[in-house]
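Student: Sequence:
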Amino acid sequence: MLRPSDIPNLICVLRMLLVPPIVVALLADRIGLALVLVAIAGLSDGIDGFLAKHFHWQSRLGGLLDPLADKLLLVSLFVTLALQEQIPAWLAVLVVSRDLVIVTGGVLYNVLVGPLQPEPSGASKLNTLAQLVFILAVLVQRAMGWALDSLVTVAGAAVLVTCVVSGLNYVIRWSRKALAPRAS
962 MLRPSDIPNL ICVLRMLLVP PIVVALLADR IGLALVLVAI AGLSDGIDGF
1012 LAKHFHWQSR LGGLLDPLAD KLLLVSLFVT LALQEQIPAW LAVLVVSRDL
1062 VIVTGGVLYN VLVGPLQPEP SGASKLNTLA QLVFILAVLV QRAMGWALDS
1112 LVTVAGAAVL VTCVVSGLNY VIRWSRKALA PRAS
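So the number in the numbering used here is just where the residue sits in the sequence shown, counting from 1, plus 961.
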């Protein structure tokens, strides 16, 4: 039976299920449809976070599902748009590399040091926002034919900076935590 406290996790799963139709829409050059689906996915991220915090429905599962849903959506979009030559390939490589560093670091920490409670940093949240704004600007420009070159450039620069800063932030925080003396 579905409990109200399960709603944020259900929204995360539904966001993940939107990824294949979004990619198919992009590949079929149905940019308007892709834009609507990406906007729905972006709104769902805000809604599930609001519900989890406002009603105290946070869970360990939700703490894993939410960033996984974000990464699945954004990495899929960056890779698809780079393959279509709609965004610079180097930017997609940077986004994917950052996520691989974070996931690999988290796994290594759990194996070598012990359980790690994932806590997104402010820089990481800004990175997710910058990525979403960048993708939406690219899609709006393609779907509507609006000249959003300045917004795309600024959002792309924000993705670059926040990827580097947030990636380094995770590496530094987890390294310090791993090397800190432990109470016996």
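Just so you know, the hints here were simulated from the structure itself, not pulled from any lab data. Note that the structure is a prediction, hence the values are computed from the model and not measured. Incorrect hints may appear among the rest.
Below 27 Å or equal to it, Euclidean Cα-Cα: the simulated DSS-like pairs (lysine-lysine) are [said to hold, decoys possible]:
1) Lys1014 x Lys1086
2) Lys1086 x Lys1032
3) Lys1138 x Lys1086
4) Lys1014 x Lys1032
5) Lys1138 x Lys1032
Student: With a cut-off of 27 Å on the C-alpha distance, tell me whether Lys1138 and Lys1032 pass.
Tutor: holds, 24 Å
Student: Taken at face value, is the distance from the CA of Lys1086 to the CA of Lys1014 at most 27 Å?
Tutor: holds, 15 Å
Student: When you check the alpha-carbon spacing of Lys1138 and Lys1086, does it fall within 27 Å?
Tutor: holds, 21 Å
Student: Would you check the hint for Lys1086 and Lys1032, treating anything up to 27 Å between C-alpha atoms as holding?
Tutor: holds, 12 Å
Student: Holds or violated: Lys1014 and Lys1032, Cα atoms, limit 27 Å.
Tutor: holds, 20 Å
Figure legend: structure checked against the earlier numbered hints; every hint is met.
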